[in-house]
Amino acid sequence: DGNNNDVTLPNNSGFQLSDNITLTLKNMNLHCTDNSWPFEMLGTASRLVLQNVILCFDRNFSFSQGNLFIHDDVVFTGTSKFSYASTGMMYIQPCSTLMFDVGTTFSYSPDLFRPHTAAQRDNVYMTDQTSRLYLNGCTLTAPDSGMRLMAGSVLFDNSVTVNNLDGAGAGNTDAAKSIELGSGVVDDDVTTHVLAGARIDVTGYLFDNTAILTT
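Counting from 1 along the sequence shown, just add 353 to a position and that's the residue number in my numbering.
Hints should not be assumed to be uniformly reliable.
The list that follows gives simulated cross-link-like pairs (lysine to any residue, SDA-like), each with its CA atoms no further than 20 Å apart [stated by the list, open to error]:
#1 Lys434 with Cys409
#2 Lys434 with Asn489
#3 Lys379 with Thr450
#4 Lys379 with Gln404
#5 Lys434 with Val455
#6 Lys379 with Met443
#7 Lys379 with Cys448
#8 Lys434 with Gly490
#9 Lys434 with Thr556
#10 Lys434 with Ser415
#11 Lys379 with Asp354
#12 Lys379 with Cys409
#13 Lys379 with Asp454
#14 Lys434 with Leu518
#15 Lys379 with Asn358
#16 Lys434 with Gln418
#17 Lys379 with Asp425
#18 Lys379 with Ile407
Keep in mind that the hints were calculated from the coordinates and are not lab data.
Make the full structure from the sequences, and use the hints.
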C-alpha cells in the first residue's frame, strides 16, 4: 500500500512473481524509467493486482505472461506503449476503470510472436456494466486477429486512434479480425460512450455487434 505517495523504481529493479503468486499494489503513483517492464511473471498463474494505481512510464512495456486484475481506478500515463501480450486474462473488476491517458498506446496482442486464437480475442474481461475501459486521447491497437470487448462500458474521450491492423483494407468486413464491441448476445452488450467533443479515427474494422442499440 503506497498510501497515495509516489513510488519510484530505480534502474534494474522490479518484482519477480512466481507461479501461483499474487502481488497487489494499491494507492500509489508508480514511476519507472528503466527500459524493461518491472514485473517479471514467472508462470502462467502469476497474478498482478493493481488497485488505485497511476503508472507513469517513459518506455514501452509488454505484459507477456500471467494474469492482470484491475480494481478501482488504474491509469496509464505518458507517451509510451503498453502491450498486453499474455495469453492469460486481464480482468476489469466491477466498479473499476482502466484508463489510457493522452499520448499513451494500448496494444492488445496475446501471444505476441504468433497469431492468437479466436478465444484469445476475449482476454480483456469486463465483469459487468460497471467495468470500464476509458480511452482518453490515446491509441488502441490490435495487431493480430483483433479483440472483442463484452459486458462492460467503453468510453472515448478527446481524439482516439483505433488501429485494427489485420482488419485494415477497404471494405474489410471480417469480424474475426475486427475490434468487436459485443457478441450479438444481449448479456454481452457493451455500452459505448463517445463523450462531447471526442473523435475516433479508425484504421481497419471497428465492429458494433451489440444486440440492443442504445443512444
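The hints, checked one at a time:
1. For the hint pairing Lys434 with Cys409, the CA-to-CA distance comes to about 11 Å; that is within 20 Å, so the pair holds.
2. Pair hint Lys434 plus Asn489 holds up; C-alpha atoms about 14 Å apart against a cutoff of 20 Å.
3. A threshold of 20 Å between alpha carbons decides the hint, and for Lys379 with Thr450 the separation of about 14 Å falls inside it, so the pair holds.
4. Distance check on the hinted pair: Lys379 and Gln404 sit about 5 Å apart at the alpha-carbon level, within 20 Å; holds.
5. Proposed proximity of Lys434 and Val455 is supported: the alpha carbons are some 12 Å apart, at most 20 Å.
6. Between Lys379 and Met443 the alpha-carbon distance is near 17 Å, which keeps this suggested pair within the 20 Å criterion.
7. For a cut-off of 20 Å, the pair hint linking Lys379 to Cys448 stands: about 16 Å separates their Cα positions.
8. At most 20 Å may separate the alpha-carbon atoms for a hinted pair to count; Lys434 and Gly490 meet this at roughly 13 Å.
9. Taking the CA atoms of Lys434 and Thr556, the gap is about 18 Å. The hint holds against a cut of 20 Å.
10. Simply put, Lys434 and Ser415 have alpha-carbon atoms about 8 Å apart, close enough for the 20 Å limit, and the pair holds.
11. Between Lys379 and Asp354, the direct Cα distance comes to roughly 5 Å. Compliance with the 20 Å bound is thereby established for this hinted pair.
12. Taken as a hint, the Lys379 and Cys409 pair is honoured in the structure, with Cα atoms around 14 Å apart against an allowance of 20 Å.
13. In summary, the hint linking Lys379 to Asp454 is supported, as the alpha carbons are separated by about 19 Å, within the 20 Å threshold.
14. Under the criterion of a C-alpha separation no larger than 20 Å, the hint pairing Lys434 with Leu518 is consistent with the structure, at around 16 Å.
15. Between Lys379 and Asn358, the direct Cα distance comes to roughly 10 Å. Compliance with the 20 Å bound is thereby established for this hinted pair.
16. Taking the CA atoms of Lys434 and Gln418, the gap is about 17 Å. The hint holds against a cut of 20 Å.
17. Between Lys379 and Asp425, the direct Cα distance comes to roughly 10 Å. Compliance with the 20 Å bound is thereby established for this hinted pair.
18. The straight-line distance between the Cα atoms of Lys379 and Ile407 is roughly 9 Å, inside the 20 Å bound, and the hint therefore holds.
The structure meets every hint from the earlier list without exception.
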